[in-house]
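Chemist: Quick note, the sequences are listed as chains A and B, same order. Each residue of the first sequence is one higher than the last, beginning at 1 in our numbering. Each residue of the second sequence is one higher than the last, beginning at 1 in our numbering.
Some hints here could point you the wrong way.
To be verified - In the DSBU-like style, the derived pairs of lysine-lysine whose C-alpha atoms are separated by at most 35 Å in a straight line are:
1. K8/B with K70/A
2. K70/A with K62/B
3. K62/B with K26/B
4. K83/A with K144/A
5. K8/B with K169/B
6. K39/B with K62/B
7. K26/B with K70/A
8. K169/B with K70/A
9. K70/A with K39/B
10. K166/B with K62/B
To be verified - Counterexamples of contact, computed for chain A against chain B with all Cβ distances above 10 Å:
11. Q11
12. K58
13. P86
14. E93
15. T119
Quick caveat, the hints were computed from the structure, so don't treat them as lab data. Here the structure is a predicted model, which is why all the values come from computation and not from measurement. Glycine included, each C-beta is placed from N, C-alpha and C at the ideal position.
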Amino acid sequence: MTQLSMTVNGQPVSHDVEDNMLLVTYLRETLALTGTHIGCDTSQCGACVIHINGASAKSCTVLAVQAEGKDITTIEGIASGDKLHPMQQAFHEQHGLQCGYCTPGMVMSAIELVETNPTLSEQDIREGLEGNICRCTGYHNIVKAVQTGAQDMRKA
Amino acid sequence: MYATQYHKALSLNDARSQLAACDDAKLLAGGMTLIPTLKQRLAQTDLLIDLADTGLGLIEDKGSHLKIGAMCRHHDVETSELVAKMIPVLSSLAGGIGDRQVRNCGTLGGSIANNDPSACYPAALMALGATIHTSERDIAAEDFFVGMFETDLDEQEIVTAVSFPKPDKAAYVKFPNPASRYAMVGVCVAVMDGDVRVAITGAGQDGVFRHGDMEAALADQFSAAAIETIAIDEEMLLSDIHAGADYRAHLVREMTRRAINAC
Ligand SMILES: Cc1cc2nc3c(=O)[nH]c(=O)nc-3n(C[C@H](O)[C@H](O)[C@H](O)COP(=O)(O)OP(=O)(O)OC[C@H]3O[C@@H](n4cnc5c(N)ncnc54)[C@H](O)[C@@H]3O)c2cc1C
Ligand code: FES
Ligand code: FES
Chain A
1 MTQLSMTVNG QPVSHDVEDN MLLVTYLRET LALTGTHIGC DTSQCGACVI
51 HINGASAKSC TVLAVQAEGK DITTIEGIAS GDKLHPMQQA FHEQHGLQCG
101 YCTPGMVMSA IELVETNPTL SEQDIREGLE GNICRCTGYH NIVKAVQTGA
151 QDMRKA
Chain B
1 MYATQYHKAL SLNDARSQLA ACDDAKLLAG GMTLIPTLKQ RLAQTDLLID
51 LADTGLGLIE DKGSHLKIGA MCRHHDVETS ELVAKMIPVL SSLAGGIGDR
101 QVRNCGTLGG SIANNDPSAC YPAALMALGA TIHTSERDIA AEDFFVGMFE
151 TDLDEQEIVT AVSFPKPDKA AYVKFPNPAS RYAMVGVCVA VMDGDVRVAI
201 TGAGQDGVFR HGDMEAALAD QFSAAAIETI AIDEEMLLSD IHAGADYRAH
251 LVREMTRRAI NAC
């Protein structure tokens with residue numbers, strides 16, 4: 001057991017956790033933040049993507065204890081009250097999801113992409129989302145959503 | 001995952017003494033290979049020693065070579081202006097590893113210590129004639145990569161950095177596995193002081209290797225045409241669900257051709 005403290009979506013949190021607990025398990029089971037999903041056990045699908053100090057990471061491939069002192073953002077932390085984040089709004093408007101399983105990870109990856117490259121081409125988006133697998137949409141509307149979200153993030 | 005203990009090392013010396021004190025400890029770098037392996041219970045360990053805070057993340061201009069710390073993430077190498085200026089082949093190689101999230105975590109040291117037969121970095125280390133610095137000694141890349149998932153490292157040894165000599169020109173081209181992005185075949189061609197070196201990853205049963213016949217042909221005439229008829233021995237190539245040895249042999253020639261043209 002290790003005493004663990006970090007900031008999640010702006011709130012300080014602290015718990016005693018087993019050293020072998022994954023960050024995604026800590027978020028989902030200890031903090032009940034179930035928006036972060038688990039889609040595979042090979043670190044390939046990206047359903048679990050969150051931000052650690054602003055950089056996207058697969059929370060299924062990080063131990064909770066590795067996040068000691070870090071600033072974590074999950075899909076639950078990006079809206080302002082009832083107002084969706086521009087990227088969430090864009091996924092909604094452009095039908096960037098069907099079952100929605102991959103969506104939290106897609107949105108978190110897309111936000112980092114836009115934050116680090118404000119002039120994304122379609123190719124940049126497709127390559128930038130290589131770590132996120134969607135089994136429903138065929139990606140077409142996801143790319144459109146990220147393009148719209150990028151424009152709206154610049155305006156916001 | 002089986003139960004384990006976690007220790008965040010505060011210096012290289014701390015990591016060394018923790019490693020010496022525990023019979024069954026493992027170093028944790030980016031975790032991109034180790035954590036999936038532990039999660040699937042393919043491996044087990046009593047102690048994980050996290051190298052994140054040991055100060056091994058520097059990238060330094062050493063004149064004739066570039067020294068990159070073991071804990072440099074692929075994203076650090078991909079976006080470093082110094083790397084782009086001195087050895088641009090490393091920027092593009094690092095930028096092509098896995099996906100964005102893998103590059104945000106995975107490290108140079110972890111990649112070479114793991115020596116996955118499909119990993120990208122080993123090809124560059126071999127083609128550029130890099131030197132691996134460890135907590136104990138310096139090792140030439142040729143001696144470091146011993147076989148599939150096997151290196152010359154002792155159990156108590158920690159990779160601290162890699163020195164890459166600056167090539168006259170070099171390029172790395174891979175045919176990525178469509179799902180994982182690992183190299184199905186990846187080829188690094190480098191011209192070093194007039195010498196041509198060709199290192200191939202993803203293809204060999206014993207991991208990364210250099211192709212002497214292609215090197216000799218290219219030393220005579222540096223063009224894609226020069227390797228057209230050079231034999232590629234299928235007997236020593238991997239054959240698995242992703243590609244048979246015959247297809248890999250084809251990819252070796254094709255990726256080499258593309259790397260020569262990209263030089
Ligand atoms: C989806 C996915 C796609 C990937 N695609 C690619 C790809 O296209 N090309 C590619 O090259 N790689 C690829 N990788 C691998 C990735 O590049 C990682 O760099 C690699 O997995 C290991 O690095 P790490 O820092 O994560 O090491 P870890 O997983 O933390 O460690 C790996 C091993 O190295 C040991 N180790 C770590 N650091 C040191 C050190 N300093 N000294 C001694 N031993 C050490 C550890 O004990 C462990 O045994 C991919 C990985 C994933 C999950
Ligand atoms: S759950 Fe699939 S990458 Fe994390
Ligand atoms: S919307 Fe169903 S997996 Fe992407």
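Chemist: Next step is simple, just say for each hint if it's right about the structure.
Modeler: Hints, verified against the model:
1. Of the pairs offered as hints, the one joining K8/B and K70/A holds, with about 14 Å between alpha carbons and a cut-off of 35 Å not exceeded.
2. Only pairs whose Cα atoms come within 35 Å are accepted, and K70/A paired with K62/B is accepted, the gap being roughly 33 Å.
3. Distance restraint check for K62/B and K26/B: the Cα-Cα separation of roughly 31 Å lies within the 35 Å cut-off, and the hinted pair is therefore satisfied.
4. Between K83/A and K144/A, the direct Cα distance comes to roughly 21 Å. Compliance with the 35 Å bound is thereby established for this hinted pair.
5. Of the supplied pair hints, the one linking K8/B and K169/B is violated, its CA atoms being roughly 40 Å apart against a limit of 35 Å.
6. Taking the CA atoms of K39/B and K62/B, the gap is near 40 Å; set against the 35 Å cutoff, the hint is violated.
7. A C-alpha spacing of about 23 Å is found between K26/B and K70/A, which places the hinted pair at or below 35 Å, so the restraint holds.
8. Note on K169/B and K70/A: the hinted pairing is violated, with a Cα-Cα distance of about 41 Å set against a maximum of 35 Å.
9. Restraint check: the Cα-Cα separation between K70/A and K39/B comes to about 22 Å, which is no more than 35 Å; the hinted pair holds.
10. Restraint check for K166/B and K62/B: the C-alpha separation of about 10 Å stays at or below 35 Å, so the hint holds.
11. Once the 10 Å rule is applied to beta carbons, Q11/A is consistent with being away from chain B; the minimum gap is 23 Å.
12. Some Cβ of chain B comes within 10 Å of the Cβ of K58/A; the nearest lies about 5 Å off, and the non-interface call is violated.
13. With a least beta-carbon separation of about 20 Å from chain B, P86/A lies farther than 10 Å from that chain, consistent with its non-interface assignment.
14. Remark: the non-interface label on E93/A is consistent with the geometry, its nearest Cβ contact in chain B lying 24 Å away (cut-off 10 Å).
15. Listed as outside the interface, T119/A is consistent with that label: its C-beta sits roughly 16 Å from the nearest C-beta of chain B, beyond the 10 Å cut-off.
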